[in-house]
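Chain A is fixed; fit chain B onto it per the hints.
Number of protein chains: 2
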Amino acid sequence: MNVGFYQFSPAYGDPEGNLRRLAAALRSAAVDLLVCPELCTTGYLFLDRDELNAVAERIPDGPTCKALGALCREIGRSIVFGIAERAGDGLFNSAVLLTPDGGAVCYRKAHLFDTELNVFDRPGSSPRMGIVKGAKVGIMVCFDWRFPEVARALALEGADVIAHPANLVHPYCQDAMVTRSLENRVFSVTANRTGVEETGGLRTAFTGRSQIVSPMGARLAQADPDEECVRTAILNPAEARDKGVTARNDLFRDRRPDLYGPALGGDRRSKG
Amino acid sequence: MNVGFYQFSPAYGDPEGNLRRLAAALRSAAVDLLVCPELCTTGYLFLDRDELNAVAERIPDGPTCKALGALCREIGRSIVFGIAERAGDGLFNSAVLLTPDGGAVCYRKAHLFDTELNVFDRPGSSPRMGIVKGAKVGIMVCFDWRFPEVARALALEGADVIAHPANLVHPYCQDAMVTRSLENRVFSVTANRTGVEETGGLRTAFTGRSQIVSPMGARLAQADPDEECVRTAILNPAEARDKGVTARNDLFRDRRPDLYGPALGGDRRSKG
Numbered sequence: 040m041n042v043g044f045y046q047f048s049p050a051y052g053d054p055e056g057n058l059r060r061l062a063a064a065l066r067s068a069a070v071d072l073l074v075c076p077e078l079c080t081t082g083y084l085f086l087d088r089d090e091l092n093a094v095a096e097r098i099p100d101g102p103t104c105k106a107l108g109a110l111c112r113e114i115g116r117s118i119v120f121g122i123a124e125r126a127g128d129g130l131f132n133s134a135v136l137l138t139p140d141g142g143a144v145c146y147r148k149a150h151l152f153d154t155e156l157n158v159f160d161r162p163g164s165s166p167r168m169g170i171v172k173g174a175k176v177g178i179m180v181c182f183d184w185r186f187p188e189v190a191r192a193l194a195l196e197g198a199d200v201i202a203h204p205a206n207l208v209h210p211y212c213q214d215a216m217v218t219r220s221l222e223n224r225v226f227s228v229t230a231n232r233t234g235v236e237e238t239g240g241l242r243t244a245f246t247g248r249s250q251i252v253s254p255m256g257a258r259l260a261q262a263d264p265d266e267e268c269v270r271t272a273i274l275n276p277a278e279a280r281d282k283g284v285t286a287r288n289d290l291f292r293d294r295r296p297d298l299y300g301p302a303l304g305g306d307r308r309s310k311g
Numbered sequence: 040m041n042v043g044f045y046q047f048s049p050a051y052g053d054p055e056g057n058l059r060r061l062a063a064a065l066r067s068a069a070v071d072l073l074v075c076p077e078l079c080t081t082g083y084l085f086l087d088r089d090e091l092n093a094v095a096e097r098i099p100d101g102p103t104c105k106a107l108g109a110l111c112r113e114i115g116r117s118i119v120f121g122i123a124e125r126a127g128d129g130l131f132n133s134a135v136l137l138t139p140d141g142g143a144v145c146y147r148k149a150h151l152f153d154t155e156l157n158v159f160d161r162p163g164s165s166p167r168m169g170i171v172k173g174a175k176v177g178i179m180v181c182f183d184w185r186f187p188e189v190a191r192a193l194a195l196e197g198a199d200v201i202a203h204p205a206n207l208v209h210p211y212c213q214d215a216m217v218t219r220s221l222e223n224r225v226f227s228v229t230a231n232r233t234g235v236e237e238t239g240g241l242r243t244a245f246t247g248r249s250q251i252v253s254p255m256g257a258r259l260a261q262a263d264p265d266e267e268c269v270r271t272a273i274l275n276p277a278e279a280r281d282k283g284v285t286a287r288n289d290l291f292r293d294r295r296p297d298l299y300g301p302a303l304g305g306d307r308r309s310k311g
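Residue numbers (our numbering), protein chains in the order written: chain A, 40 to 311; chain B, 40 to 311.
A hint or two may mislead.
Note: identical chains are not told apart, hence a pair may lie in one copy or across any two.
Only pairs whose alpha carbons sit at most 25 Å apart, straight line, appear in this in silico SDA-like list of lysine to any residue [stated by the list, open to error]: (1) K172 x S253; (2) K282 x S165; (3) K282 x L156; (4) K282 x T246; (5) K282 x P162; (6) K282 x D153; (7) K282 x V208; (8) K105 x L58; (9) K175 x A302; (10) K105 x G127.
Read the hints as simulated data drawn from the structure, not as lab findings.
Chain A on its own, in the form it takes in the complex (with noise of 0.2 Å):
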């Protein structure tokens, strides 16, 4: 199986032409399965509601997601991205897994991060998880990664590869994906964007760094902070599913909710 992940600089508010970008990315990219960042449909600093929701699409039959569907249709390749959405009054901070039989897997972002809270809704998505070549890819967005139990959610529900779409403004999350990859032995690709973005006196700078990670901490492929590109590696989805550490350790049968205690669903009467 061949992934990679697109990073680039999405432009303010003209979904038509990061479309565009995004279509020339999959057709070019020789993959299955291409990750992108996170809101890179619409760009990331929106002033308030209004100007979000002038440029949020529904999920799966807006523009972007009809003309990527078509194309993973067309060249036997599957997606996932970051889009702003509108759902009836909701607009949501979400990604979609599009695959070549037409299928869209639609995520929530559970945690929204500092001004997303300010014009996306709250309700979040539990682990969702789509099918690309036989492997399970799951889905989380930027700033869950700072929350163990998503990753950790996502795998015990079967995850192979965590797409993971990112707009990362600090230089954190990168080595911590790599912990995620190691405590659950997945793959993760992180898709982060590059570039600086101001709107209204804003200014945000993101991180770049991308990454490919294999379920032994080990990066496959990594862009640099700066850089506009695809970068890709072939993944063997059975070593995601050996969880065996060594001979005698397995890292879902020597787990132990029994002394977790009740907040990490240990049992509320036991404390060993």
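The following block gives chain B in isolation, referenced to the frame of chain A:
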């Protein structure tokens, strides 16, 4: 609050010699809390249960705990160290926190690694905590790092500092403990041993690089792979009680157990 680690190479099967070294380190270190490696009273590579049983001790009334407890009372310092514990017929890979008020908190490692499963019993402890100079000190041991639930459970129960005795043989944990500190906004003190141990044809090399990490993921102190040393840092426990990462985000209030699923404490009915 002044915290340190003591990185050294314990002598196999020599509790008296190791006790002398622990006492000397505690006496000479200008710290409120000294964290020492896993199983540092005995060494690590037990060939069988009889050999382990010969050097295991009771907690708190075995010779090592009695001597170090008296020293803690005398000089007003606290220590965490790994010890082979005998309790009835049971033998446990434990760590104990001794405080100047005569307190002894014992934690039994929840996740035994590889050949430890041949000789130690495996009940494990739920989160264990003690108070040092007003700070809550939680305990985890070595391979517990690989399970995010352990540090999470300690932090959710209020730990300001995680004391982490270790006998690490792989290179991953030190970076992962930066993630543990970041995701929980707690201090962590990993006291790893160094050196090589050879018993009965088995040979294991330990990776050193003990460290003290801040709630923001900064390494406040770190040892080299091979040196024997005490390193210290001044910690302000209040930094670990503020879980805010932006004006709008708090790492604990932002948790979404309703979305994590029943395996991680979620509502068994909800499916967001």
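Checking an output row: K105 and L58, CA cutoff 25 Å. Within, between, both or neither? Result: close within a single copy only, 11 Å intra versus 70 Å inter.
Same-copy or cross-copy closeness of K282 to V208 [CA-CA at most 25 Å]: between (32 Å within a copy, 19 Å between copies)
When Cα atoms must be at most 25 Å apart, do K282 and D153 count as within-copy, between-copy, both, or neither? Answer is between: at 14 Å across copies they meet the 25 Å cutoff, but 35 Å inside does not.
When no copy is named, should K282 and S165 be tagged within, between, both, or neither for a Cα gap of at most 25 Å? Both. Shortest intra-copy (23 Å) and inter-copy (23 Å) distances satisfy the 25 Å Cα cut-off.
Which holds for K172 with S253 at a C-alpha limit of 25 Å: within a copy, between copies, both or neither? within (18 Å within a copy, 42 Å between copies)
Between K282 and P162, at a C-alpha cutoff of 25 Å, which is it: within one copy, between copies, both, or neither? between (32 Å within a copy, 22 Å between copies)
Within a copy, between copies, both or neither: where do K282 and T246 come within 25 Å Cα-Cα? Between. Shortest inter-copy distance 23 Å satisfies the 25 Å Cα cut-off; intra-copy 31 Å does not.
Given identical chains, is K282 near L156, meaning Cα to Cα at most 25 Å, within a copy, between copies, both, or neither? Between copies only: 17 Å across chains, 36 Å inside a chain, cut-off 25 Å.
25 Å Cα threshold - placement of G127 relative to K105: Classified as within: same-chain Cα gap 18 Å, cross-chain 68 Å, threshold 25 Å.
Is it within, between, both, or neither for K175 and A302, if the alpha carbons may be no more than 25 Å apart? Classified as between: cross-chain Cα gap 19 Å, same-chain 27 Å, threshold 25 Å.
Hint violations for this structure: none, all hints satisfied.
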